[in-house]
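J.: Spelled out from the first residue to the last, the chains are:
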Amino acid sequence: MTTTHAENHDDAGSPDVLRVRDLRTSFATEDGLVTAVDGVSFHVARGEILGIVGESGCGKSVTAESVMRLLDEDTTDYDGSVTFDGTTELLELTEDQMRPYRGSRLGMIFQDPMSSLNPVYTIGNQLIEAIRTHTRLTKQQAADKALQMLQITGIPEPELRLRQYPHQLSGGQRQRVVIAMAMCCEPDLLIADEPTTALDVTTQAQILRLIDDLRCNYDTGTMFITHDLGVVAEICDRVIVMYLGQVIEDTDVHTLFDEPAHPYTRGLLASTPSLETDNSKDLPIIPGAVPTLTQVPDGCRFAARCPFAIDECTRATPELRPHQRPGSHTAAGDHLVRCIRAEEIPDLLSTGDEQEDTDD
Amino acid sequence: MTHSTTTPHSARPDITVGSLNRIDKTRSRRSKFLRRFAAHKLAFTGGSILVIVTLVAIFGPMLTPSPFDVAGANRLQPPSLEHPFGTDNYGRDVLARVAEGARVSLFVGAFTAVCTAVLGCAVGLYAAYNRVADMILMRISDGLMAFPAILLAIAIMAALGQQTSNVIIALTIVFTPYVARIVRSSALVVREQTFVEALKAQGASRTRIIWINIAPNVVSPLIVQATFVFADSIITEAALSFLGAGVPPPAPSWGNMLLDGKNLIYTAWWMTVFPGVFIMSTILAINLLGDGLRDLLDPTYRSKTSGRKRKARKAARAAARQTAAHQSTASRPTTREGESS
Numbered sequence: 001m002t003t004t005h006a007e008n009h010d011d012a013g014s015p016d017v018l019r020v021r022d023l024r025t026s027f028a029t030e031d032g033l034v035t036a037v038d039g040v041s042f043h044v045a046r047g048e049i050l051g052i053v054g055e056s057g058c059g060k061s062v063t064a065e066s067v068m069r070l071l072d073e074d075t076t077d078y079d080g081s082v083t084f085d086g087t088t089e090l091l092e093l094t095e096d097q098m099r100p101y102r103g104s105r106l107g108m109i110f111q112d113p114m115s116s117l118n119p120v121y122t123i124g125n126q127l128i129e130a131i132r133t134h135t136r137l138t139k140q141q142a143a144d145k146a147l148q149m150l151q152i153t154g155i156p157e158p159e160l161r162l163r164q165y166p167h168q169l170s171g172g173q174r175q176r177v178v179i180a181m182a183m184c185c186e187p188d189l190l191i192a193d194e195p196t197t198a199l200d201v202t203t204q205a206q207i208l209r210l211i212d213d214l215r216c217n218y219d220t221g222t223m224f225i226t227h228d229l230g231v232v233a234e235i236c237d238r239v240i241v242m243y244l245g246q247v248i249e250d251t252d253v254h255t256l257f258d259e260p261a262h263p264y265t266r267g268l269l270a271s272t273p274s275l276e277t278d279n280s281k282d283l284p285i286i287p288g289a290v291p292t293l294t295q296v297p298d299g300c301r302f303a304a305r306c307p308f309a310i311d312e313c314t315r316a317t318p319e320l321r322p323h324q325r326p327g328s329h330t331a332a333g334d335h336l337v338r339c340i341r342a343e344e345i346p347d348l349l350s351t352g353d354e355q356e357d358t359d360d
Numbered sequence: 361m362t363h364s365t366t367t368p369h370s371a372r373p374d375i376t377v378g379s380l381n382r383i384d385k386t387r388s389r390r391s392k393f394l395r396r397f398a399a400h401k402l403a404f405t406g407g408s409i410l411v412i413v414t415l416v417a418i419f420g421p422m423l424t425p426s427p428f429d430v431a432g433a434n435r436l437q438p439p440s441l442e443h444p445f446g447t448d449n450y451g452r453d454v455l456a457r458v459a460e461g462a463r464v465s466l467f468v469g470a471f472t473a474v475c476t477a478v479l480g481c482a483v484g485l486y487a488a489y490n491r492v493a494d495m496i497l498m499r500i501s502d503g504l505m506a507f508p509a510i511l512l513a514i515a516i517m518a519a520l521g522q523q524t525s526n527v528i529i530a531l532t533i534v535f536t537p538y539v540a541r542i543v544r545s546s547a548l549v550v551r552e553q554t555f556v557e558a559l560k561a562q563g564a565s566r567t568r569i570i571w572i573n574i575a576p577n578v579v580s581p582l583i584v585q586a587t588f589v590f591a592d593s594i595i596t597e598a599a600l601s602f603l604g605a606g607v608p609p610p611a612p613s614w615g616n617m618l619l620d621g622k623n624l625i626y627t628a629w630w631m632t633v634f635p636g637v638f639i640m641s642t643i644l645a646i647n648l649l650g651d652g653l654r655d656l657l658d659p660t661y662r663s664k665t666s667g668r669k670r671k672a673r674k675a676a677r678a679a680a681r682q683t684a685a686h687q688s689t690a691s692r693p694t695t696r697e698g699e700s701s
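From first to last, the protein sequence lines stand for chains A and B.
Mapping to my numbering: the first sequence position 173 is 173, numbers consecutive.
Mapping to my numbering: the second sequence position 224 is 584, numbers consecutive.
Quick caveat, the hints were computed from the structure, so don't treat them as lab data.
These numbers were taken from a predicted model, which means no experiment stands behind them.
A virtual CB, placed ideally from N, CA and C, is assigned to each residue, including glycine.
All clues stand as given, with none of them false.
One-sided excerpt, in silico: chain B residues whose CB lies under 8 angstroms from chain A:
| # | residue |
| --- | --- |
| 1 | Arg491 |
| 2 | Lys560 |
| 3 | Ala561 |
| 4 | Gln562 |
| 5 | Gly563 |
| 6 | Ala564 |
| 7 | Ser565 |
| 8 | Asn573 |
| 9 | Pro576 |
| 10 | Asn577 |
Full structure from sequences and hints, please.
T.: Structural data, given as structure tokens:
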């Protein structure tokens with residue numbers, strides 16, 4: 001289930017449930033046009049979990065909201081193409097045409113389970129509403145379906161939950177309800193926007209297992225947005241790493257952890273503590289901060305923070321290109337990276353040459 | 361509660377739409393609210409006075425002589441057993457007129473409050489969700505709010521003609537912008553919550569999001585504001601009638617009774633004092649009630665609502681202070697008396 005999809009990258013008849021090509025999302029703000037997502041391309045196959053990783057403000061959530069078209073249409077400008085199920089161009093649909101897709105074929109889970117349910121209605125009411133928005137079930141049938149969905153999510157005492165209000169549930173229970181709501185019409189694509197960030201670690205593991213089970217049972221393609229590399233390792237098949245609105249690395253999850261190509265990905269991995277981390281040393285950090293979107297640097301957007309940056313890096317924006325590493329076990333084209341020096345870096349590291357380059 | 365069962369389907373007959381709609385513990389929650397209401401002294405006082413005035417309005421006219429009976433022989437009688445509030449310059453019973461006036465005033469006030477709440481809620485919610493409508497509707501309400509309420513009401517009355525129903529229309533026009541503003545600002549806050557985005561992501565239509573999902577979330581501020589509109593419209597109606605632009609005579613309203621009594625205030629104080637007292641206490645009661653409701657409907661206020669709890673805490677604190685004082689004197693025998701007290 002890992003990486004046979006990349007070969008189909010450009011096939012028209014691919015099994016990809018979602019194909020995003022060169023997506024550009026910009027907002028009209030008081031400071032001018034801000035491009036939050038700048039030329040992002042990726043694809044999600046059925047039954048696959050694609051991780052989208054990056055720091056806060058790198059455009060992960062905007063990418064998800066662009067796919068669902070949830071952003072305020074008055075101030076947002078979309079460009080590029082978002083193809084759903086091989087045929088439907090989501091960005092070209094009108095609002096009325098888009099609505100039947102949302103909730104029935106595209107499901108979404110939000111970060112904060114505390115505020116993603118309406119406080120004034122019971123769980124049952126809200127689930128029944130969600131189900132009846134897209135089906136012609138009677139209230140009784142919808143109530144049965146709602147109960148069934150809650151049972152699938154493994155929430156304790158599902159009959160009782162239906163009659164309760166959101167404030168009577170714990171965070172983990174609410175997230176299960178939100179997942180039940182997103183899955184109730186058996187969507188082809190599930191977008192999970194940091195679904196475990198607000199939960200404690202044990203609940204996180206249960207929710208991750210639930211999402212994993214659901215993709216197996218329903219063959220749902222999943223976009224899993226997170227900043228937690230541990231979660232990525234746990235659940236994702238493929239990963240794209242985003243930095244300042246661009247994809248900087250696109251590969252399968254094993255390659256990401258074994259042979260990260262982009263210096264930013266390396267930095268992220270190095271700054272994640274693991275059991276082997278030496279406690280006596282400070283955890284490495286990536287120096288500097290993410291530039292704001294109103295002042296996007298020329299050339300490589302990571303150059304200013306990159307220990308391997310050379311003059312050439314700031315001259316032109318690097319292309320997202322296949323990583324060619326001799327001896328690498330991934331097929332060419334499976335591992336994309338946006339860095340002109342990606343192949344040299346392991347040698348630089350092993351010879352300790354990096355010090356010299358940092359001075360540039 | 362039904363026990364969770366091992367097989368998923370055996371539990372299904374238990375669940376019916378009826379059982380979903382029936383809110384568990386509704387009764388206990390309602391009685392909890394009533395208990396908190398009773399514990400809130402100001403709200404309880406306001407509510408009680410309002411109930412009394414309402415009872416006077418409902419039953420008063422049945423027990424008193426007709427408020428329209430003119431009796432020349434009984435002109436300007438001071439309060440007596442026969443006429444507890446005295447009689448006016450036409451010999452009409454002031455108590456009967458105050459009771460009848462309570463009907464008019466409360467009816468005008470309540471009807472205006474309801475109309476304003478409905479209209480203001482619609483305008484406010486619509487404005488919160490539609491940028492173009494927001495611009496237009498809010499500029500109109502800015503315009504309406506720029507006029508002093510009483511001046512605008514007089515102008516509208518002059519245009520529509522002097523009728524009780526027109527008083528309600530005029531007051532509704534005057535007070536709707538205030539309610540719309542409150543509802544709009546609350547709805548703007550609710551709109552930014554994740555559940556609204558989640559509803560959109562579920563494919564819910566705009567109409568459903570606004571009217572079914574956001575509206576119930578702005579009910580609390582709406583109720584509080586409607587209460588204040590109730591009070592304001594009673595007082596504005598009284599002012600209009602006092603100026604002769606409100607409820608037309610001979611129908612009594614508290615306002616036009618004040619107008620009748622104005623010239624005779626030195627000879628027949630009862631003609632102005634009784635309607636005045638009724639206006640004042642009713643407005644005070646409604647404002648107390650509104651303040652209380654605002655406290656009771658505000659979830660962050662909950663910790664300090666219960667008077668009993670507050671008293672208990674005060675007692676506990678006093679007891680703690682006493683024991684502390686005891687201990688300090690006991691444990692430090694060298695302390696002089698003046699220091700320990």
